[in-house]
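*Asks:* Hints given; two lone chains; assemble the complex.
As they're listed, the protein sequences go chains L and Y. Using the working numbering, the letters of the first sequence map in sequence onto residues 14 to 332. Using the working numbering, the letters of the second sequence map in sequence onto residues 1007 to 1265.
Do not take every clue at face value.
Stated by the list, open to error - Under the rule of at most 30 Å between Cα atoms (straight-line distance), these lysine-lysine pairs were calculated in the BS3-like manner:
#1 L/Lys97 / Y/Lys1261
#2 L/Lys97 / Y/Lys1265
#3 L/Lys97 / Y/Lys1232
#4 L/Lys110 / Y/Lys1265
#5 L/Lys233 / Y/Lys1232
#6 Y/Lys1262 / L/Lys110
To be verified - Output of the computed footprint for chain L on chain Y, the stretches with three or more beta carbons under 8 Å from beta carbons of chain L:
#7 1089 to 1100
#8 1192 to 1203
Think of the hints as simulated: they come from the structure by calculation, not from any bench. Every value quoted in this text rests on a predicted model; they were computed, and no experiment measured them. Ideal Cβ placement from N, Cα and C applies to all residues, glycine included.
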Amino acid sequence: MSEASKNNLAIEARGLVKRFGQEILAVDGVDLAIEANTIYALLGPNGAGKTTTINMLTTLLEPTEGSAKVAGFDVVMQANDVRKTIGVTFQETTLDKELTGRQALNYHARLYGMSKDQRQAKITELLALVELEDAADRTISTYSGGMKRRLELIRGLMTDPNVLFLDEPTLGLDPQSRARIGDYIVELKVNRGMSVLLTTHYMDEAEQLSDKVAIIDHGKILIEGRPSELVDQMGADVITIAGQGNRDDFIEKVNDLSCCETITTGNGIIQIGVDSGSRRLVEIISLANERGFTVEDISVAKPSLGDVFLKYTGRQFRD
Amino acid sequence: MSAAVTLWSKHMVKSVHNQMEMTGMLIQPILWVVLFGVGMGSLLGPSMPGGEDIYITFMLPGIIALTASGGAIAGGSTWLNERLQGIVKEYLAAPIPRLSILMGNALSTVSKGLIQSLIILIVGIIVGANITSNPLGWLGGLVLVAGFTLGFAGIALSMASSTDNMGAYHSMIMLLNLPLLFLSNALYPLETMPTWMRIGALINPTTYVVTGLRYMLLENGAEFAKVDTIPLWLCFVAITIFTALGMWLASSAFKKSLK
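Extracted from the complex, chain Y is given alone in its bound form (with noise of 0.2 Å):
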């Protein structure tokens, strides 16, 4: 996995040096907490027991997954945008495990997930939100979104592999993007869905992280989080199953790639 760990360190260094990337990077999670949140949570606060700043700290865990999701579409255009340039040739060409090839690119693509989520718990708590200070919650809650992430980069490239057209790929992946965000609890609760919007929200991987990120990471995160019913435990194995299934698909549209 050495071979990992160069190709992360590629990729790493060369958006460090991007300084568009690097700008939309950092300043994109500050906006969304900053307008959507501020601003959806002065419209819906007032009629919210706890204000506005309930609101926030409800919805902040849906701006960590819409962030970490787009980070991910992002990494399967930069591996699209590898394959049509030619220089994942060097890479299979070189003796390393196939599959290392893939995980450099995931891991970048979580690395800066992770990043941005600390921006935004950093943002949020500035704003007003109810972050935790228990370090168990920042970790735990770490751990959730990089496995949201990793499973969403799994998806990502697995369709990045699929075709030769960017736009097709930004087609397919965008049906993706918001829509999943707003078919889950991030930003109101299961209870408030028609039926066949909740059944859709609770095979959602969006929620699991969401309401995982309330237990884990506000204070008094479990008030929130129980009003869907969904325990801590489901959310950590909603997860693990979701990375998996991500991983799974990437690997194996990759290996259909090459023949």
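If we strip away everything but chain L, and leave its shape as in the complex, we get (with noise of 0.2 Å):
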């Protein structure tokens, strides 16, 4: 087949940039190399640059530097058997809202070459992976956000895709309907042997679904690893400060205390993780009542993604 079970790699990046005209860098050299038959996470705020990383993944944006091969196929060179390969669903909705569900299904399929017996049989097991038998033959104008981003995801399933990218699979979606195309994306790993990336900047969805994460802002690529690891890094709990005073001296002694594990800080907001958050919090306090620093707030966590964030840019998480 493809170079990709020789290597079984996904997806491999070198030194992928992109850059609009003069002064928009969007993506400032991204490695990536993403094994297949794994649900692999880019983690990060708006504007870091998720949704350029994928359209020159997707062959829909030509990279300004760097190259790129999904299943084996170079980006460039061999974009059309890239796109053969690859099931895509996009940040915002691309659907066409005067066709029916079937419609869309149908006429996607076509411009993938499919056959008329192969679309029908697709197109009646994907209805009912998601449950859209019933609003099938009914307008997508119809359909509310949950039912489209379904609708969705089974368009980029007609075709058997090797590589399914997701862009913001959830968006704006509530709580129950997240829950569900999560289950799906699990499914599609575990039941098809997919490989899929997905882009996302909420947290506890890498958490929960990726085996592997890579937190992403300014075009650059952070820190990449699996969640659970990256995570611990941080300390079994976090105790999380914002307060005046003298902060250099309070933490230069919090840094001596043995118990602390690393110290970040950001915005005025002092990270410390510690091996128990209970056992710690009366030290912490105390210390920094003898240091002449007056504590406003303080909490104590287990460690996010978040915390990871923060540690790696200096900077809170804004959702």
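*Replies:* Right under this line is the structure:
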């Protein structure tokens, strides 16, 4: 088959750069090595460069610099082969609202050269998967947001892609719909052996669904790894403090404590990774008092990818 | 090119199901012929040798050209709409030639234009225009209309690819609709125009499609057409060049919009 079977990488990218005009550097040197049959999340705030990266990998945009391969095919030199092997759902709805769900799926599959019998069988199967059988013959303009998203998901699946790209698949949906779509995505990997690259700014989505996550901001990937590993690096608990006063002295003294695993600051917030939040809380507060640092707000929580983001960017994850 | 056919089919199916569009598409040519043709005919007819019937016959090709360019403008509007709604992304991610994406749109514009031309001819006959019964004339005429529409569709598509604003698109393209008709021999012979206007008319593809249609579609068409001393072969050549130009513009603008 393709090279992908040899080295088992569904998606590769080296030094991907995208510049728009003279001024806008949307993607600033992205490297990826995504294995087959995994779910990989690109996590970052709006404007981080996620959509532009996906657009390059799905051949909608040509990279300004760098190269990429999907399923072993080069995205510029072998664009048509890439297109044959991928499915995509875009950030915004790209459905033709005057068509019915069934018509939308049908025309889509025709563009990929599927025969009438293949199409009909696939449409029936996929409508059942996302429970849209009853709505299939109504026009898409009558669908709810969740229904449209589900339809777009199965439209991307019509052609049995090897690699599926999902750009913010649950954006703007209610929690129930988000959970459902999350379930479908996992099922695709487990039951159908697909490789999935999804972008999201929802941290819980990245943590729950992905095998690996990369944190992206300002067009660069800052850190990559299994969600659990990234979070474990932060410590068992994280104490977050906002306050005023003698910061540097306080921070220095905290760093000297043996219970502290990491300490990050940004935006006037101090984060301390500790081995046990409840035990260390009192210690930290008394230390602050001693050192002339007035604590205005303090909280203890299990670390999350948001804390990882803060560590690597020095900024809070703005949702 | 089967992708172009798939997209053509999608556009046609959508149009057929769109009642307002269908009504407009069918009624508009009828209204143009009856109101403009009959109205202008009774105004100018008495002063022309041959009377009203002659004027209707004379300007029917102009109505066809006007309707065709109007259809092209609508086609560009559809394209801009699909770009803005993100529908074009689905096409771009599919393993189809980039050109077939444009052709799907252009072909549906041409199809609709041909249907409207047929309606115009039939209604024209009903109100007294002298249309030829020679099937080759009809065939040649429709080929000219198809070429003209395709060229105009190309221009409209290139404009629709170059902006993200529906209002801006319509401002740009409206300049080309009615003025282009007036700057041609559709409504009056070339010799009645001042020199500067005649020059403008001679580089206007509308002049060539109108003259060509007079040769092909009208009883004694050659009589009408010869007035402007433009030979038939030149009409076909000019329209072919126009078609190629329009398609090239559309394709370049499309590629540029993908950067």
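*Asks:* For which of the previously enumerated hints does the structure constitute a violation, in increasing order of number?
*Replies:* Hint check: 3, 5 and 8 fail, others pass.
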